[in-house]
Amino acid sequence: MTPLLEVRHLVKHFVRKQGLFRPPSVVKAVDDVSFTIGEGEMFGLVGESGSGKSTTGRCILRLIEPTAGEVVFRGENVLQFSTERMRLARRDLQIVFQDPYSSLNPRMRVGDIVEEPLVIHKLGTRSERRARVAELFQLVGLEPSFIARYPHEFSGGQRQRIGIARALALNPALVIADEAVSALDVSIQAQVVALLLDLKERLKLTYLFIAHDLRLVEHICTRVAVMYMGKIVELGETSALFARPTHPYTKALLSAIPVLDPDAPRQRIELDPASFEREAPLREIGAEHWAAV
Amino acid sequence: MAPFDSADGNPRGSAQGKPLLDVQHLSVTFGGPSPAVDDVSFQMAAGETLGLVGESGSGKSVTAFSILRLLQPPGRITGGSVIFQGRDLLTLPESEMREVRGAGISLIFQEPMTALNPVMRVGDQIGEALLVHGKATRAEARSRAVELLDAVKIPDAARRVRDYPHQLSGGMRQRVMIAIALACRPPLIIADEPTTALDVTIQAQVLELLRELKARYNLALLLITHDFGVIAEMADRVAVMFKGKLVEHGPVRDILRHPSHEYTRTLLAAVPGAGGRTR
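Here the protein sequences line up with chains A and B, keeping their order.
Numbered according to this note's numbering, the first sequence spans residues 1 to 293.
Numbered according to this note's numbering, the second sequence spans residues 1 to 279.
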């Protein structure tokens, strides 16, 4: 596996002032997170609300400036890039957001939305850009004749395809999908996931797939990292991690997933915070399988 | 041929006594070219859980709101009947309908933050349900609120009744919603995507709570959801809605193992990892 992205000891603390005479409180949203994503991989980052998974994604793109750590993309630490160099790097690092209703500007035509990254990066002539937009529409399964329409004329699934087309406009190497299908109905979700997988093969994409839906992650990701309160508590190949969850939080999380079989025995495992050491480092517990126990 | 218990998929038990809820040929329009709910019929026995499944716009929430006559214009019931405990709710005077809401059938919404009043203490919101229905004096309402918070397993209930909704987590707020729904001891609760906004570990706790309360109070539960996993965990029977129509209806095991309608098969196949995962 050739590493495409290496995240090393990433830290993001949010400091909140509590008034003149009280010390500020510090939220450790991302607390010493490290992982590596290989070229062409579908890497899943899962956790519940507030676990720090989205903050991690945003720190990689420097949409949020990390407090400390390194984000090494193709051998270079992007956290040390100048503004200009970072702008160039963003061609390779793109993101698809969760909410297809708020992530598209309602006053822009969808063709202009998809073209905008090309305009910002001053790529091509106007007619070349328009041809590229038509190509992108076809790529994500939308009629190129839709380009003059506005976002409100599209369904949630179609909007998410527009968001994907925009992310792909600059030919990125890494796409961060931040809960990219969470807001969609299950049958539409299946179509958009199929599209993401198809694009991965055709365009040789690498994904960081951030999600709370463990069933989906188990289904599509090659490796998974489980986040809990700002830390990765378990990381491994999907099949190993789901077959032999080792960290108490992973066990509790997996046992909470509803199973489609009404007769399956239910063994809910409650998380006992006293059962593990929060500061424990990740330790190899099997082939390609680490847990903070 | 799926082994249905009876021709219409209803359990044998309901044939003996009268069903608790009997929805017949319900139709609802929003003025569009096709009806939002199209000739929907189903029955529920006391104490049973019926899962109503479908995707956005399939008409499942509109069906629930129609049962309680809470449709907002231009939504309008164009036909059918909703017999609850022997009375047709669709012809009841509004004053009697108000009595049914809360005391006969209560509703739990998806989003506990918008469904609760942000400037009212949660204890008062629970008590309000009792006061409105004349079921308690002020002092009684206050102590009942504590009991109900205790019943939905909120720790330190006596202190929590004085909290405002923003002081509670999402899971706790949904527990408060359930306490309000339980306040007047209705025989039927309609829960519209009660756990969709919650994290999976919190969802598991809320579902567990609903199961316990159902058993304790012999509650019937109309559970509206898009998640077949939740259905498998909770429901006795399932009704699948698609474009306003009830396309399939039967015991949960039959529907999950031998879905007969194309749309049900599509929905089940779309659940990630369907069939692959056992525990």
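Don't take every hint at face value.
[Stated by the list, open to error] Far from chain A by the CB rule (all over 10 Å, computed), these chain B residues: (1) Pro73; (2) Glu128; (3) Ala136; (4) Asp150; (5) Thr201; (6) Arg253; (7) His258.
[Claimed, not checked] Across the chosen pairs, the derived CB separations fall in these ranges: (8) Lys17(A) with Leu131(B): 40 to 50 Å; (9) Ala274(A) with Glu208(B): 48 to 58 Å; (10) Asn77(A) with Asp150(B): 52 to 62 Å; (11) Asp32(A) with Ala139(B): 48 to 58 Å; (12) Met120(B) with Val15(A): 31 to 41 Å; (13) Asp32(A) with Ala269(B): 34 to 44 Å; (14) Arg87(A) with Met120(B): 47 to 57 Å; (15) Thr91(B) with Asp263(A): 27 to 37 Å; (16) Thr137(B) with Asp32(A): 52 to 62 Å; (17) Glu94(B) with Gln138(A): 53 to 63 Å; (18) Gln138(A) with Arg257(B): 38 to 48 Å.
[Unchecked claim] Reference excerpt, derived from the structure (chain B facing chain A, CB under 7 Å, subset only): (19) Glu55; (20) Ser56; (21) Tyr164; (22) Leu168; (23) Asp199; (24) Val200; (25) Ala204; (26) Gly229; (27) Val230; (28) Ala232; (29) Glu233; (30) Thr266; (31) Ala270; (32) Pro272.
If you're looking for bench data, these hints aren't it; they were derived computationally from the structure.
Cβ atoms here follow ideal geometry from the backbone N, Cα and C, with glycine treated the same way.
Tested hints:
no. : hint                                 : result
1   : Pro73                                : holds (22 Å)
2   : Glu128                               : holds (29 Å)
3   : Ala136                               : holds (35 Å)
4   : Asp150                               : holds (19 Å)
5   : Thr201                               : violated (5 Å)
6   : Arg253                               : violated (6 Å)
7   : His258                               : holds (13 Å)
8   : Lys17(A) with Leu131(B): 40 to 50 Å  : holds (42 Å)
9   : Ala274(A) with Glu208(B): 48 to 58 Å : violated (21 Å)
10  : Asn77(A) with Asp150(B): 52 to 62 Å  : holds (54 Å)
11  : Asp32(A) with Ala139(B): 48 to 58 Å  : holds (53 Å)
12  : Met120(B) with Val15(A): 31 to 41 Å  : holds (33 Å)
13  : Asp32(A) with Ala269(B): 34 to 44 Å  : holds (41 Å)
14  : Arg87(A) with Met120(B): 47 to 57 Å  : holds (49 Å)
15  : Thr91(B) with Asp263(A): 27 to 37 Å  : violated (42 Å)
16  : Thr137(B) with Asp32(A): 52 to 62 Å  : holds (57 Å)
17  : Glu94(B) with Gln138(A): 53 to 63 Å  : holds (55 Å)
18  : Gln138(A) with Arg257(B): 38 to 48 Å : holds (40 Å)
19  : Glu55                                : holds (4 Å)
20  : Ser56                                : holds (5 Å)
21  : Tyr164                               : violated (20 Å)
22  : Leu168                               : violated (14 Å)
23  : Asp199                               : holds (4 Å)
24  : Val200                               : holds (5 Å)
25  : Ala204                               : holds (4 Å)
26  : Gly229                               : holds (3 Å)
27  : Val230                               : holds (5 Å)
28  : Ala232                               : holds (5 Å)
29  : Glu233                               : holds (5 Å)
30  : Thr266                               : holds (6 Å)
31  : Ala270                               : holds (4 Å)
32  : Pro272                               : holds (4 Å)
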